[in-house]
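Trainee: Single-letter residue listing:
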Amino acid sequence: MQIPRSGKQIAVLLLGLALCLTGCGIAASPSQPVGKAATLNLSLKTVPTVRSITISPGKATFGNCTGGKDVNNTHSAGSRLGFPNGTCWVGEISPIGVYPIKITNTGIASFVYVNGSSATPSDDGNGWSLCNLGTKPVATCNGYKHRAPGIDQYIVENFGPGGGTRSGLTGTPQCDRAFGARGKCLASLGTSQHEGFELIGPFAASDFRSTNWTMSITWTPVPTEGD
Amino acid sequence: MGWPEPGGPELLTHLRRRRLWLLMPAALFGLFILPAAVAEASIGIGIQAGPVRLSGHAHPGGSYQLPAVYVVNTGSQDESVVLKIQRISPGHGLTIPPSWIHVSSSPVRLGHNQSARLPLQLNVPPNAKPGLYFSDVIAHGSGSVNAGHANLGVAAATGLDFTVAAGAAPHPGLAIPSWLWPGLGGLVVVAAGLLWIFSSGVRIRIERKPLSGSVSEGQEHADTA
Chain A
0 MQIPRSGKQI
10 AVLLLGLALC
20 LTGCGIAASP
30 SQPVGKAATL
40 NLSLKTVPTV
50 RSITISPGKA
60 TFGNCTGGKD
70 VNNTHSAGSR
80 LGFPNGTCWV
90 GEISPIGVYP
100 IKITNTGIAS
110 FVYVNGSSAT
120 PSDDGNGWSL
130 CNLGTKPVAT
140 CNGYKHRAPG
150 IDQYIVENFG
160 PGGGTRSGLT
170 GTPQCDRAFG
180 ARGKCLASLG
190 TSQHEGFELI
200 GPFAASDFRS
210 TNWTMSITWT
220 PVPTEGD
Chain B
0 MGWPEPGGPE
10 LLTHLRRRRL
20 WLLMPAALFG
30 LFILPAAVAE
40 ASIGIGIQAG
50 PVRLSGHAHP
60 GGSYQLPAVY
70 VVNTGSQDES
80 VVLKIQRISP
90 GHGLTIPPSW
100 IHVSSSPVRL
110 GHNQSARLPL
120 QLNVPPNAKP
130 GLYFSDVIAH
140 GSGSVNAGHA
150 NLGVAAATGL
160 DFTVAAGAAP
170 HPGLAIPSWL
180 WPGLGGLVVV
190 AAGLLWIFSS
200 GVRIRIERKP
210 LSGSVSEGQE
220 HADTA
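Order-wise, the sequence lines are chains A and B.
Going by numbering that gives the first Met the number 0, the first sequence opens with residue 0, and the numbers climb by one from there.
Going by numbering that gives the first Met the number 0, the second sequence opens with residue 0, and the numbers climb by one from there.
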């Protein structure tokens, strides 16, 4: 193989460059500072960034039912709701105040909202819808002077030591007035509240066969205004 | 009183007593620990505090993958979690119609302290009004505790917001694929390298050297002539 003159020059140049680089590397390495790497391990905990809630009821059941009509043999008895407009309690407001449901804000500061649902009978008949009292009811009660539930209507009011939702729960989550200072429903991390509730039944039920009714009450922490 | 006679009634009574003493810890556990555990049973649900946000603007007719939502079971019992879209918290902007957000209908089963990230898809209809939209993502737990015939449940909410900008979303067929720009960049680099090589004058010339004793092409031609 014959290498032309220009090729020889390039080869010489490349060889020189390679030698220079190798030499520089050898010469430079002793001048580098020799040290041992050291690592400092640090750990850090942060505040929770989850919005959460927990409920832990004690023994909670409807009781102390009153109201209804003796004449019709539909007066409330024990834990059985009577007609018309019987009333049952989970816990009690007076005389001593019993609040069996414990609600705890286990996450960041949030507004605690609460909502109810329609009551459904065990035989899939007509349910009872929630209605409200007060000047601006979400659903008007059709009973006596709009101050009591009408046919297939009922009211659920929750209460705590500091007050409650006197106009009654709605199907849409709303500020739980029993929760937080001055009924503002704002709860910080770890804040808990004990609550009970009162149920006022319908004037009459169109599903007269069913004697078992179920409903649900849900607590929801929602973002604060600053979020 | 001496040691009970083997096989006698006294020995049997003695052994029975010893068995009873051995059962005492279990009995104490049953009396004190179990009721406490039952009393501490709770249901709970958590959701990420930060709102779910679309990074860019949405356009009418477009479809977008929203960041997955973090949910956690903070109760002591297993429960299934489902997401729902409903505006309940205070906030500014137009309310997001729930039909715009596609959430998986199948619930996710979570044990105590278990968490998951649930995907959300935003589908903006072609006739959507431009503006800022806001709503809540609510994680509902299936767990409930009974108070009489009332089921007590929990849920947790976080914000969901995005902006719909004017103008239709680019058609998927005309959209530029994500690999196009890196691919074009690579081609430009290769082309520049080749151009430099050709313009720099570097040549590598290879010649075959004839072996000694062999006949070259010219000599062979002369002999034949």
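Because the hints were derived from the structure by calculation, they are not lab data.
Since this is a predicted model, take the numbers as computed values, not measurements.
Hints may be right or wrong, so weigh each one.
Computed footprint of chain B on chain A, listed as stretches where at least three residues anywhere in the stretch have a Cβ under 8 Å from a Cβ of chain B [said to hold, decoys possible]:
no., stretch
1, 91-99
2, 183-191
Simulated crosslink set (SDA-like; lysine to any residue; CA at most 25 Å straight-line) [said to hold, decoys possible]:
no., chain 1, residue 1, chain 2, residue 2
3, B, K128, B, Q76
4, B, K128, B, S79
5, A, K144, A, T169
6, A, K135, B, P50
7, A, K44, B, S114
8, A, K101, B, I87
9, A, K183, A, F202
10, A, K44, B, Y69
11, A, K144, A, S166
12, A, K144, A, N71
13, A, K44, B, T94
14, A, K101, A, S187
15, A, K183, A, T213
16, B, K83, A, T223
17, B, K83, A, N71
18, A, K44, B, N112
19, A, K101, B, S79
20, A, K183, B, N112
21, A, K44, A, S187
22, A, K135, B, G90
23, A, K44, B, P50
24, A, K135, B, K128
25, A, K135, A, G149
26, B, K83, A, G126
27, A, K68, A, W88
28, B, K128, B, P169
29, A, K135, A, C174
30, A, K183, B, G90
31, A, K101, B, Q76
32, B, K83, A, V137
33, B, K83, A, S117
34, B, K128, B, G61
35, A, K183, A, R165
36, A, K68, A, F82
37, A, K144, A, N40
Okay, the calculated beta carbon distance ranges per label pair [to be verified]:
no., chain 1, residue 1, chain 2, residue 2, range
38, B, H91, A, G133, 22 to 30 Å
39, B, S103, A, K144, 45 to 53 Å
40, B, P129, A, G124, 46 to 54 Å
Backbone N, C-alpha and C define an ideal beta-carbon position, used for all residues, glycine too.
Trainee: Could you run down the list of hints and mark each one as holding or not?
Mentor: We went through each hint and held it up to the structure:
1. A count of 1 residues in the stretch 91-99 of chain A with a Cβ less than 8 Å from any Cβ of chain B is obtained; the coverage claim is therefore unmet, three being the minimum.
2. Chain B is given as covering the stretch 183-191 of chain A, and this is violated because 0 residues of the stretch bring a CB closer than 8 Å to a CB of that chain, at least three being needed.
3. The suggested pairing of K128 (chain B) with Q76 (chain B) is violated, with an alpha-carbon distance near 43 Å, which exceeds 25 Å.
4. For the suggested pair K128 (chain B) and S79 (chain B), the alpha carbons sit about 35 Å apart, so the restraint of at most 25 Å is broken.
5. The straight-line distance between the Cα atoms of K144 (chain A) and T169 (chain A) is roughly 20 Å, inside the 25 Å bound, and the hint therefore holds.
6. For the proposed pair K135 (chain A) and P50 (chain B), the alpha carbon gap of about 31 Å is over 25 Å, so the pair is violated.
7. Of the pairs offered as hints, the one joining K44 (chain A) and S114 (chain B) holds, with about 19 Å between alpha carbons and a cut-off of 25 Å not exceeded.
8. Proximity of K101 (chain A) to I87 (chain B) is assessed by CA-CA distance (about 23 Å); at most 25 Å being required, the pair is judged to hold.
9. Annotation: proposed proximity of K183 (chain A) to F202 (chain A) is violated, straight-line Cα distance about 33 Å (limit 25 Å).
10. With a C-alpha separation of about 19 Å, the suggested pair K44 (chain A) and Y69 (chain B) falls inside the 25 Å cut-off, and the hint holds.
11. Between K144 (chain A) and S166 (chain A) the alpha-carbon distance is near 15 Å, which keeps this suggested pair within the 25 Å criterion.
12. For the hint linking K144 (chain A) to N71 (chain A), the alpha-carbon distance of about 22 Å falls within 25 Å, and the restraint holds.
13. Between the alpha carbons of K44 (chain A) and T94 (chain B) the distance comes to roughly 36 Å, so the proposed pair goes past 25 Å and is violated.
14. Among the hinted pairs, K101 (chain A) with S187 (chain A) is consistent with the structure: their alpha-carbon atoms are about 15 Å apart, no more than 25 Å.
15. A distance of roughly 29 Å separates the Cα atoms of K183 (chain A) and T213 (chain A); the hinted pair therefore is violated under the 25 Å criterion.
16. With a C-alpha separation of about 19 Å, the suggested pairing of K83 (chain B) with T223 (chain A) holds against the 25 Å cut-off.
17. Distance hint between K83 (chain B) and N71 (chain A) is unfulfilled; the C-alpha atoms sit about 45 Å from each other, more than 25 Å.
18. This hinted pair checks out: K44 (chain A) and N112 (chain B) have alpha carbons roughly 18 Å apart, not beyond 25 Å.
19. Taking the CA atoms of K101 (chain A) and S79 (chain B), the gap is about 22 Å. The hint holds against a cut of 25 Å.
20. At roughly 29 Å between alpha-carbon atoms, K183 (chain A) and N112 (chain B) are farther apart than 25 Å, so this suggested pair is violated.
21. With a CA separation close to 19 Å, the supplied pair K44 (chain A) and S187 (chain A) stays within the 25 Å bound.
22. For the hint pairing K135 (chain A) with G90 (chain B), the CA-to-CA distance comes to about 22 Å; that is within 25 Å, so the pair holds.
23. At most 25 Å may separate the alpha-carbon atoms for a hinted pair to count; K44 (chain A) and P50 (chain B) meet this at roughly 22 Å.
24. For the suggested pair K135 (chain A) and K128 (chain B), the alpha carbons sit about 31 Å apart, so the restraint of at most 25 Å is broken.
25. Restraint check: the Cα-Cα separation between K135 (chain A) and G149 (chain A) comes to about 17 Å, which is no more than 25 Å; the hinted pair holds.
26. A C-alpha spacing of about 24 Å is found between K83 (chain B) and G126 (chain A), which places the hinted pair at or below 25 Å, so the restraint holds.
27. The straight-line distance between the Cα atoms of K68 (chain A) and W88 (chain A) is roughly 18 Å, inside the 25 Å bound, and the hint therefore holds.
28. For the proposed pair K128 (chain B) and P169 (chain B), the alpha carbon gap of about 17 Å is at most 25 Å, so the pair holds.
29. Of the supplied pair hints, the one linking K135 (chain A) and C174 (chain A) holds, its CA atoms being roughly 15 Å apart against a limit of 25 Å.
30. Restraint check for K183 (chain A) and G90 (chain B): the C-alpha separation of about 17 Å stays at or below 25 Å, so the hint holds.
31. Restraint check for K101 (chain A) and Q76 (chain B): satisfied, since their Cα atoms lie roughly 16 Å apart, inside the 25 Å limit.
32. Straight-line distance between C-alpha atoms of K83 (chain B) and V137 (chain A) comes to about 22 Å, which keeps the hinted pair within the 25 Å bound.
33. Among the hinted pairs, K83 (chain B) with S117 (chain A) is consistent with the structure: their alpha-carbon atoms are about 19 Å apart, no more than 25 Å.
34. With a C-alpha separation of about 13 Å, the suggested pair K128 (chain B) and G61 (chain B) falls inside the 25 Å cut-off, and the hint holds.
35. For the hint pairing K183 (chain A) with R165 (chain A), the CA-to-CA distance comes to about 14 Å; that is within 25 Å, so the pair holds.
36. At roughly 6 Å between alpha-carbon atoms, K68 (chain A) and F82 (chain A) fall within 25 Å of each other, so this suggested pair holds.
37. For the hint pairing K144 (chain A) with N40 (chain A), the CA-to-CA distance comes to about 71 Å; that exceeds 25 Å, so the pair is violated.
38. In this structure the hint that H91 (chain B) and G133 (chain A) lie 22 to 30 Å apart at CB holds, the actual value being about 27 Å.
39. Restraint check, S103 (chain B) to K144 (chain A): a C-beta distance of roughly 48 Å satisfies the suggested window 45 to 53 Å.
40. At roughly 47 Å, the beta-carbon separation of P129 (chain B) and G124 (chain A) lies within the given 46 to 54 Å, and the hint holds.
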